[in-house]
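Residue numbers (this note's numbering), protein chains in the order written: chain A, 8 to 284; chain B, 8 to 284.
Hints may be right or wrong, so weigh each one.
Since copy identity is lost for identical chains, a pair holds within one copy or between any two.
In silico DSS-like cross-links for lysine-lysine, where the CA-CA straight-line distance does not exceed 30 angstroms [as the list claims (entries may be wrong)]: (1) Lys12 with Lys270; (2) Lys93 with Lys189; (3) Lys142 with Lys93.
Note that these hints are calculated values from the structure, not bench results.
2 protein chains.
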Amino acid sequence: MRGIKVRKADGRLEPFDRRKIVRTCMKLRVERAEAERIADKISKMAYDGIPSSEILSAIYEEVKKTRPEYKHAHDLREAISMMRPKPDFEYFIGITLSSLGYRVESARILDGRCVEHEIDGVAMKGDEVLMVEVKHHVNPHTYTGLEVILAVHSTLRDLMEGYRLGLHRYPFTAALVACNTKISQHAERYARCVGIRYMGWRYPRALALEDLIARYKLYPTTMLRVLKRDQIERLGDRGIVTLKQLVETDTDRLMGILEIDRKEVEEVKDKARAILG
Amino acid sequence: MRGIKVRKADGRLEPFDRRKIVRTCMKLRVERAEAERIADKISKMAYDGIPSSEILSAIYEEVKKTRPEYKHAHDLREAISMMRPKPDFEYFIGITLSSLGYRVESARILDGRCVEHEIDGVAMKGDEVLMVEVKHHVNPHTYTGLEVILAVHSTLRDLMEGYRLGLHRYPFTAALVACNTKISQHAERYARCVGIRYMGWRYPRALALEDLIARYKLYPTTMLRVLKRDQIERLGDRGIVTLKQLVETDTDRLMGILEIDRKEVEEVKDKARAILG
Chain A
8 MRGIKVRKAD GRLEPFDRRK IVRTCMKLRV ERAEAERIAD KISKMAYDGI PSSEILSAIY
68 EEVKKTRPEY KHAHDLREAI SMMRPKPDFE YFIGITLSSL GYRVESARIL DGRCVEHEID
128 GVAMKGDEVL MVEVKHHVNP HTYTGLEVIL AVHSTLRDLM EGYRLGLHRY PFTAALVACN
188 TKISQHAERY ARCVGIRYMG WRYPRALALE DLIARYKLYP TTMLRVLKRD QIERLGDRGI
248 VTLKQLVETD TDRLMGILEI DRKEVEEVKD KARAILG
Chain B
8 MRGIKVRKAD GRLEPFDRRK IVRTCMKLRV ERAEAERIAD KISKMAYDGI PSSEILSAIY
68 EEVKKTRPEY KHAHDLREAI SMMRPKPDFE YFIGITLSSL GYRVESARIL DGRCVEHEID
128 GVAMKGDEVL MVEVKHHVNP HTYTGLEVIL AVHSTLRDLM EGYRLGLHRY PFTAALVACN
188 TKISQHAERY ARCVGIRYMG WRYPRALALE DLIARYKLYP TTMLRVLKRD QIERLGDRGI
248 VTLKQLVETD TDRLMGILEI DRKEVEEVKD KARAILG
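For reference, chain A alone in the conformation it holds in the complex (with noise of 0.2 angstroms):
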């Protein structure tokens, strides 16, 4: 395989990783003897210049055949990608940093030294506490750039201050931006220089969103293909975001919201079941 190059959604071009696949099927909880034989297969078909879309549509192939429940599901980025950006991954975020041990408020207007700010939600924990900014990219593989990790220095500062005077509750210790997609590099840099912690998609190692959905089975109700859009869309209205919330709401109710009937609502909850494992 040597010299064989792999050419990212964003064009650029980086050396083909045996390993990567090992670990994107283990991801998807397939068994490390049998993420070795995919990556064999893969490896014997790649190319020089092979798009990493072709290179995940082929895993996704052969998983299908051992995890028949992916047959359902759409790939875990594209799915949070498909989230509405408000109220539904706004709420998946909260979701996400409960699990951590955060005590989370949502959405708040709180007033500045200089001005009032929108955030979208405060986390606390031990002598933490974080403003918290989301930002949903509709594009997965868009990155968050160094324009919003400035943006959200200057409001953290703004807001500190105002607490200083009096102006609001909350003795805020550092912002967490947290997000669908990677950082930018340059976004890195500036956020690691100024304490600004990131979540997002597999950065940094301790918040990568995807270690986190696995860990506490966060899985999104998109991630379902057998639910249509408007279906989806009610649930959210409900702060119903992930399988597992899914899983745990009463079928009659189930019913009602998506307006199907029982049969068809025990078929939508055996699907998510499969997908929890």
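Got chain A; can you put chain B on it based on the hints?
Coordinates of chain B only, in the frame set by chain A:
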């Protein structure tokens, strides 16, 4: 006229104000007596809920009768929105700042303490060293919002720290956001609070773009209806973005740039001179 309201482009209503019509006419260099006559005429035809655009059209119709050169001219605000953001509008802002006595250096990449920043320009006069950020909106009714000013503020701070660490040679004293539109009230409050300066449409009085244009005769080439888009772009590629520069450019050279004959170039120059007055 008591009680009659005017509907602004953004949908807000405000009381009809005859004096505004007089002021608009006089900005178009109409004599006061004539401006009063136009204001009377338009006051009579105004009705409750009249769009401000309809009033502006009526003003132009009247003004054209005494100043026929406006037949060949786009409205200034619209003309500026028609400029290419780069390089034309950035260069135009540079010329405006030069007219105010600043020594201007264009686009720079400078190291802050945390990251490098692309800035649109540096403007220096006496003890002032301004970091210049240029924003151009195609829609002249778009407001420049708080997020822009928040980001500029963090950039300025990072560059000020970069200077103290010896990473670049500009001892910035403030930032200037130069824009072709208005700034939102929210953004204005923040800018004033933290000392960020702003040049835009009608705000602040001291640096209102339209006043500077009138004072220094900085009318853009996009005002001339007789010029086609590609001709304006070819002028812009050579740094010719104002009518004054156009008039001062050698006719033979303009024949080559505009791809028209001598007689047509002279006509273009005549129309430009008429607007310059």
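### Message
Going through the numbered hints above, which ones does this structure break? Give me the numbers in ascending order.
### Response
1
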